[in-house]
Amino acid sequence: MGLKPATNPDVEAATIELAIDGKTVTAKDGVSLYDVISSTGKIIPAMCYHYTFDPFGSCGMCLVMQEGKKAPVRSCTAKATAGMIIRTEGDDLFQARKKAVEKHLSVHPLDCPVCDADGHCELQDMAFQHGVTNLANAKQKFIPEDTRSPVLDFNMNRCIACAECINVCKDVLMIDALQFMKKGGFNQVVAKGDLPLACEFCGDCLAVCPVGAITNKFSKYLYKPWQMKKTTTTCNYCGDGCQMYLETKDTEVIRVTSPLSWKNKWGDRADTAKGHGGLCVRGRFGFEYIDSAARLKRPLLRKGNQLVEVPWLEAMHTIVDRFADIRKKHGPEAIAGLITARCTNEELYLFQKLMRVAFRTNNLDSSARYGHMNFVRASKHALGIGRTPNDWEDLTKAKAVVVIGSNLTETNPLTSVRIKEAIRVYKAQVVVFDSAITNLGKLASHPVLIKAGTEGLVIDGLVKATVELDLVDEESVKKHPQAYAALKSAVAPLSLEQLAAKTGVSVAQFKDAATIFAESPRSIVLCAEGIVRQPDGYHNVLKLIDLAWITGKLGRPGCGVNTVTEEPNEQGAADMGVAPEFLPGLASFDDQAMRDKLAKAWDATLPAIGTGAHFMEILSRCRSGQIRALYVVGENPLATLPASVEVRAALDRLELLVVQDPFLTETGNMAHAVLPATTSAEKDGTFTNLEGRVLRVRQAMDAIGESVPDWQIMTSLANGLGCQWEYDSANDVQAEIMKLLPGYYNLGQPKKITPTVDQYLSNGYAAGAAARYKRAPSDGKRPFTLQMGQLLYHSGKLSTAAPGLIKIGPNTGRLRMNPADMERLGLQDGASVKLTSDRGALQMGVQLDQSVAPHTCFFPEHFNEPPVKDLMSVHVDPVTGVPSFKRTGVTIEKV
Amino acid sequence: MTVRNATKKFLQAALFYEIWDAMKVTFKHMFHKPITFQYPREQRAIPDTHRGALGLLRYDDGQERCVGCDLCEAACPSRCIKVISAEDVERPLQRYASEFYIDITKCVFCGYCVEACPVNALAMTKMYEFSTHDKRTLLFDKKRLYDIGERHLDDAKKYLYAHNQEKNIEESREYRYYFPQSVIKSTQPAPKHLS
Chain A
10 MGLKPATNPD VEAATIELAI DGKTVTAKDG VSLYDVISST GKIIPAMCYH YTFDPFGSCG
70 MCLVMQEGKK APVRSCTAKA TAGMIIRTEG DDLFQARKKA VEKHLSVHPL DCPVCDADGH
130 CELQDMAFQH GVTNLANAKQ KFIPEDTRSP VLDFNMNRCI ACAECINVCK DVLMIDALQF
190 MKKGGFNQVV AKGDLPLACE FCGDCLAVCP VGAITNKFSK YLYKPWQMKK TTTTCNYCGD
250 GCQMYLETKD TEVIRVTSPL SWKNKWGDRA DTAKGHGGLC VRGRFGFEYI DSAARLKRPL
310 LRKGNQLVEV PWLEAMHTIV DRFADIRKKH GPEAIAGLIT ARCTNEELYL FQKLMRVAFR
370 TNNLDSSARY GHMNFVRASK HALGIGRTPN DWEDLTKAKA VVVIGSNLTE TNPLTSVRIK
430 EAIRVYKAQV VVFDSAITNL GKLASHPVLI KAGTEGLVID GLVKATVELD LVDEESVKKH
490 PQAYAALKSA VAPLSLEQLA AKTGVSVAQF KDAATIFAES PRSIVLCAEG IVRQPDGYHN
550 VLKLIDLAWI TGKLGRPGCG VNTVTEEPNE QGAADMGVAP EFLPGLASFD DQAMRDKLAK
610 AWDATLPAIG TGAHFMEILS RCRSGQIRAL YVVGENPLAT LPASVEVRAA LDRLELLVVQ
670 DPFLTETGNM AHAVLPATTS AEKDGTFTNL EGRVLRVRQA MDAIGESVPD WQIMTSLANG
730 LGCQWEYDSA NDVQAEIMKL LPGYYNLGQP KKITPTVDQY LSNGYAAGAA ARYKRAPSDG
790 KRPFTLQMGQ LLYHSGKLST AAPGLIKIGP NTGRLRMNPA DMERLGLQDG ASVKLTSDRG
850 ALQMGVQLDQ SVAPHTCFFP EHFNEPPVKD LMSVHVDPVT GVPSFKRTGV TIEKV
Chain B
531 MTVRNATKKF LQAALFYEIW DAMKVTFKHM FHKPITFQYP REQRAIPDTH RGALGLLRYD
591 DGQERCVGCD LCEAACPSRC IKVISAEDVE RPLQRYASEF YIDITKCVFC GYCVEACPVN
651 ALAMTKMYEF STHDKRTLLF DKKRLYDIGE RHLDDAKKYL YAHNQEKNIE ESREYRYYFP
711 QSVIKSTQPA PKHLS
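Each protein sequence line maps, in turn, to chains A and B. So the first sequence is numbered by the numbering used here: it starts at 10 and just counts up by one. So the second sequence is numbered by the numbering used here: it starts at 531 and just counts up by one.
Hints are computed from structural coordinates only; laboratory data are not their basis. This one's a predicted model, so the numbers in the text were calculated from it and none came from an experiment. C-beta atoms are modelled at their ideal positions from N, C-alpha and C, and glycine is treated no differently. A couple of the hints might just be wrong.
Unchecked claim - Computed, partial: chain B to chain A, Cβ under 7 Å:
1. Val597
2. Asp600
3. Leu601
4. Pro607
5. Ser615
6. Ala616
7. Glu617
8. Leu623
9. Arg625
10. Tyr676
So here's chain A without its partners, still in its complex pose (with noise of 0.2 Å):
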């Protein structure tokens, strides 16, 4: 595909006049006409065009007069050049375009009142703006549908040949899995090889498809375009933070639709750096848990050994008084909080505030640690940030991308669009380091597959080979002698060669792979599960900073260590402070001014410095009888950790678990009570996404049952612990947010923040880079490494809960395993093995799966049956309290 050179940073286009309508324009050379006559502000129709693609010259509606030519010309498909002269209106084209219309209606099924797309079809608006009354020579195609894919209906009936859906496929998202085939006489869309469709289902086809012919099974002949609600929201599944429509009918959710449509088709491609509008499977067909039956609807009490349905001011008394009683009793150490990180801003700003205030302890965390923490205090020790530097339009317009130890395309697919997209437009060089055959890595220009559980030893290799090819950047070392000093007589005893035997990456990937970071003049790091979700991860993060440090990467205009978060608003529930180290504003918890500031803001005093306690240790405190009472919100620790922590035994010993929830958990099972909480589309509130960018949650309907919003519960139970809080909706609290940390509401656009690296390299830098690149993952002597993480269709647990999505993503409850392993064990497809790691065995059937590698074998972290988790150790970091569960080695034999 041709580049325009409108969109590409680096080629600064000639600019030439032209005349539309007797007006000069001024536009950038080589751009499309039609291009050029939209950004005028004239719409002239065409139904095959989108910005987000080159021109494809198909539906012949885009016609206007060129001075000196007979005949109307396409200008989609018409370069601009200088000193053209058009006409884009008049009787003779309008005629002209009425006749295209005629064309494509002559060959349409006049199906429009069963027709998904009726009022929101294109060439609905085209028949009626010129008046199509009469269609001679109408011919039908009678072509049965092809409804053998999971999500997606294609009735070729419909289709005018526009190929939005083929272009967007192939050109913006880079799967291509849609191609043309003639078929009975006509040219269909179908799956490539006419194939039932299997790819990543991100349903942008349907988003950019004018009219019916391809439809979404979920919410198939459900409604008519006008009858539904339509509200903004955010998507709750990761922490891309994607703007999506959720449009709902009463109690019902319907279907999500995306920015990203045929009805804005026009736009300047470089706006697109920003990020497409389009959604993936999750954000699109995951919408069925909001209004799922398995939602709570009641509170629930246990009596007994069952839980009951109780009304809410009968749950609610019993638990202030339980909760006020421990606190007398046994004091507010003996409380603690989880919550998660899919709840809004204003909810973890408030459910710190409940614990620290009404509770009057320091025991809270959020799920955040699982993995975000990791970057976050390095980032905050290293660079006094805590978040990633750069935005997507940062990542879309690099030169250079490392992407380590992250499955992009599965666990953030926007994030890897934008990728995809400096790959395609920019034409940058993309290295990716990881331990599976990522799509990502069929993408980039130097994939590398490395050892599992060496991402760690990869960046030793990075930042050595920098070293010893002197590719370090004279300015940012000159500044700190002392610290490059230091880094590179740690680096000293490394060899590149031993540094290659061990992750499986060749010394050539590893001067290549620093050469390019280095050279580039935007390079940027993108490292997650891989690092932040492994032992170690912190000093990995803070490895990747030395090696962006040292190439001078740290503080430049498009450069920085990024990371990619699992839940919507983990950067979030570090910002709102949810962890026992902050404060609100990711201020350190023994920051004297942010107390003074916040005790005033409160009319309280705040847990003593020094108090408090992380995930792993309220866990443990939970089981050693410390804590008596835990208040989880939306958390599942149960399911999520393996048993070898013990998480049942733990719960067991509490007095009282409080357990806030729109599904019942097996945490939730349990609990003393159960409280529904409704899910972000019941609610207002805010994500922060991993950009920094703080978004808007609007309640799309009422709340189901009697769930109500967290952020009401956690008021009425402060109100019932004696506080006085007079929050009467989401925006109260936000007020308050905003004047506590002024400028954190940035309307989507974040504050640039630049990292200040002095302070860290000046004081103590030297003792902790010698230890860094000294440690070495312990070899384990079985032959096999299991590993567990994400998948494309699902999102935490939250996502089991949309029967859509389990459809198209079912628990196989198999081992995935490369073939060629498979082959040498003599297993075929389905065969049973049992699976021991140092935790224990378990018998289980395996799966072909090409995307793992040899030496590995991968179970999706979603599902517990069978417990592939509990097979797991668990390392937990000295520094950050992470605990990293999600690979182990494991030996497999064939039952």
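Take the given structure of chain A and dock chain B to it, following the hints.
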């Protein structure tokens, strides 16, 4: 006031003139045929175009005409129609109304829904007697609407004819739109009106 006027007034009062004058109308009507219908013993003859209760119709083979397109709902000015549609499991591609409600207490009998219907599944009948003690029964559901349509099929057809909506049953299936056909296999011949 003159003497003459006063005399006239006095005579009229004495002879009960006003009463006789009024009785004149009464006596005149004694020789007319009575206008009042003895409802409900006597029923009025109703024109075909009469807008009475709504009914849902079936094709002659018993198949439901309604395709659940929600256009009646969109056309209804008093918002008394609610259609819940779904895909027919038996016949792929066929949309139908799984539920259909008309709140007849809200209905203004404008007939827009009948006009909007692309398959002439809705028609108005000459039925207007649906008084009840329980207002809740006036929310007509799908079954009740089909019952009305079945019982007053002739009236419904006459209504459609009188409103130029449907000339005969043959035309009705291919009336205005080509609906998707359930295609089980690709070698299946196209239906008559599509070939």
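Consistency of the hints with the structure:
no.	hint	result
1	Val597	5 Å, holds
2	Asp600	5 Å, holds
3	Leu601	6 Å, holds
4	Pro607	15 Å, violated
5	Ser615	5 Å, holds
6	Ala616	6 Å, holds
7	Glu617	5 Å, holds
8	Leu623	6 Å, holds
9	Arg625	4 Å, holds
10	Tyr676	19 Å, violated
Violated hints for the displayed structure, listed by number in ascending order: 4, 10.
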